[in-house]
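S.K.: Fit chain B to the supplied structure of chain A, relying on the hints for placement.
As a plain string of letters, each chain reads:
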Amino acid sequence: MDGYGMQNQIACIRRSLFDQGYLDEQFIQLEELQDDTNPNFVQEIVTLFYTDSTRLIQNIELTLNSRPINFSKLDDYLHQFKGSSSSIGAKKVTSECAVFRQYCAAGNAEACIRNFQHIKQEHAILRKKLEFYFQMMGQAAVAQTT
Amino acid sequence: MNVSSVKGSMSISSSTSTWKAGDTISDQFPAGLRVLVVDDDPTCLMILEKMLIACLYKVTKCNRAETALSKLRENKNGYDIVLSDVHMPDMDGFKLLEHIGLEMDLPVIMMSADDGKKVVMKGVTHGACDYLIKPVRIEALKNIWQHVVRKRKNEWKEFEQSGSVEEGDRQPKQSDDADYSSSANEGNWKGSKKRKDEEEETDERDDTSTLKKPRVVWSVELHQQFVAAVNQLGIDTVPKKILELMNVPGLTRENVASHLQKYRLYLRRLSGVSQHQSNLSTIISAQDPTFGSLSSLSGLDLQTLAATGQLPAQSLARLQAAGLGRATAKSGIPITLVDQRNIFSFENPKLRFGEGQQQHMTNKQQVNLLHGIPTTMEPKQLVSLRHAAQSIGNMNMQVPPHGAQSSQNNPLLMQMGQQQQQQQQQSRGQILVDSTINHAPRLSSSMGQPILSNGIATNVSSRNGIPENIRAPGYSQTPSMLNFPMNHASELPGNSFALGSTPGVSILTSKGAFQEDVNSEIKGSGGLMPSYDVFNDLDQHKLQSWELQNVGMAFDTSQHSNSLQGNLDLTQSALGQQGFSSGQMNGHNRSAAVASKAMFSTGDVKELGSAQNVNQHLNNLLVDNTIRVKSERVCDTSPANIFPDHFGQDDLMSALLKQQESVASSENEFDFDGYSMNNIPV
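The listed protein sequences derive, respectively, from chains A and B.
Residue numbers for the first sequence follow full-length UniProt numbering, beginning at 1 and rising by one.
Residue numbers for the second sequence follow full-length UniProt numbering, beginning at 1 and rising by one.
No lab work stands behind these hints, which were simulated from the structure alone.
Virtual Cβ for every residue (Gly too), placed ideally from N, Cα, C.
One should not assume that every hint holds.
Distance windows between CB atoms, simulated [claimed, not checked]: (1) B:Lys-142 with A:Gly-138: 47 to 55 Å; (2) B:Thr-67 with A:Thr-47: 20 to 28 Å; (3) A:Arg-114 with B:Ile-53: 36 to 44 Å.
Okay, chain A solo, but in the shape it has when bound:
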């Protein structure tokens, strides 16, 4: 019962992440890769993503703070960021990156700086949501075993 309850809850959380556009089908691909040999694969990947992207964000900020702004470097970073985030299915983050790149291509520093705040926000929001999601899953797993 608890298990079911929790499972339902988790399912709801998960569904809402998709419905609200935080995640896309690429996330499902990751889930499908998870199996008994790698039971925490998705969580590992997400953790890896956040570790890596944090570093990337720092670099982007440094670049945005330098004058003059090196747009091509910025574009490179964003390209990486976009590649990473799309790999885990972080939909909103990815689309914000795409917008950023457009501003970057246009050399619009102000828009870039502004947009980057959006990226960071989405990045942080998703992180919290996923952390909660994994936490719930962990609890459910524990509940099931007990």
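M.R.: For chain B alone, coordinates are given in the frame of chain A:
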């Protein structure tokens, strides 16, 4: 024939067996397919690895291109397919692609979050067998085995065809080779290694083919030998002759044939990469006839360069003209061309620089390249590249900071040439490549490593006789030379090559453009392969020229012998141009000089770039591209000497130094043994 039939059957069995990876049931195919995946993004890499494992493939992952290359080199037959990301920090994915194609002939699939048509096209032109858009889905990976099968099948097919009737299959180039007809497989252009194995060793077929067609490992040394042979015989030669000249036991004509094919494609690609230089291509084509005269290679290089667009057609023409001694100077540096020509004296064994003679053949060859290039300086430059060893030094000289002074340049060049020749003979080869290519072609220090800065691994220089520094795997050597694409012509409206006065210079100056390309390429390729990329990337023809130059240089260095000098000269000039091609003609000369200097010293090259503030491009090219000329810092001194005051030797030196450093570092990166040839469309 038995062989054919055998092959046919063998191919099937071999293909299945190869992938069986231990499984005895062919039904399991493609399970066990050995995949090497390269991606700098750890998240993506992990996901891909998991997906590939889920497909039952055997996965090896790397997060750096260089690591991937070294793994591939260590175990050439250890992988069936490579998956690589396009954007990587240490090396451009396309460069890696080039290298792999040349050295290992493995199918390569590119991946990128970028789905722009341009990038995808680039993948295609560089020879990727597929291009996946990120995020990659597992479904896309499930089918990658088809590329492996296809490739092998094609190889087999060619093999069979060659054996059977298809003499006509032979590539037209070699039609005159009787060997082809008999061997029938000269045209195994596809990775005839397999075929060769099959054909030659029918008995072994069972063992080898079933397990996996053993591939001939084109080690650096072997490739250098190959390039040297090709340089000597001309790119239009036939495999049989190359084989005989190389005299390597155990090597079959098929091996050589397929390698030659790839090499040619590489050269072509280098030249074709430079889109900027549409002119180049025209020039090159126009010049074809001329090239032929001097040396097939040079012509080829130039062509390549031209094709790649790197060398502005004009430059190419000029170069060619220069090489041939013709005064094609129309392009703008009439004077320089002439001067350059003299300097490079491709035709005359003596390069003005003083050592010209050494070049001996190489110079001449280089000249060929040039002649066709109506480009202002470029032709000369190309030629110089050839001489790379010498030319670089010389070229620098030539590149008078102000194009107008062609005459002045010459003396400079000469000076440089002389100085350089001495020093450079060996280093030149290397440096040239380096410098020109900005990309940091790895001028393998000693000839052994052709600097393919531009990916034109073609040993442009080697052709000249430059020792095959160019790594065997990477034809990259020549590319650098080719890079001359004297694109500058396009860029230098006349002035751009301010060097114009000195043909060599023009190369340098124009190279500015190349530099960028070169850099990219060189960097990426480390080895020969990079050069390709470099050329491609060169928006500015200039870069291309660099590449070529670099390539030439690279090759040249290896040749240390006289040829180097000549090559260096060329390369240098090419480099100079390339690096400088940035069109900043003011600095053109400088750049050229710098470039050339850079060329001399692998490391220096880079520095030259920096030194050349004058030529922003140049600097960019050199510095950015850091022609990673490996090792050989060819006579650092020469650059200093060579460059006339215009260039501000100090600057150059510093630039060179920087470059050297960068080169050194880059060298490591580029495994391509100095093939960083920049597609020198020679």
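S.K.: Now tell me if each hint is right for this structure.
M.R.: Here is how each hint holds up against the structure:
no.: 1; hint: B:Lys-142 with A:Gly-138: 47 to 55 Å; result: violated, 31 Å
no.: 2; hint: B:Thr-67 with A:Thr-47: 20 to 28 Å; result: holds, 24 Å
no.: 3; hint: A:Arg-114 with B:Ile-53: 36 to 44 Å; result: holds, 42 Å
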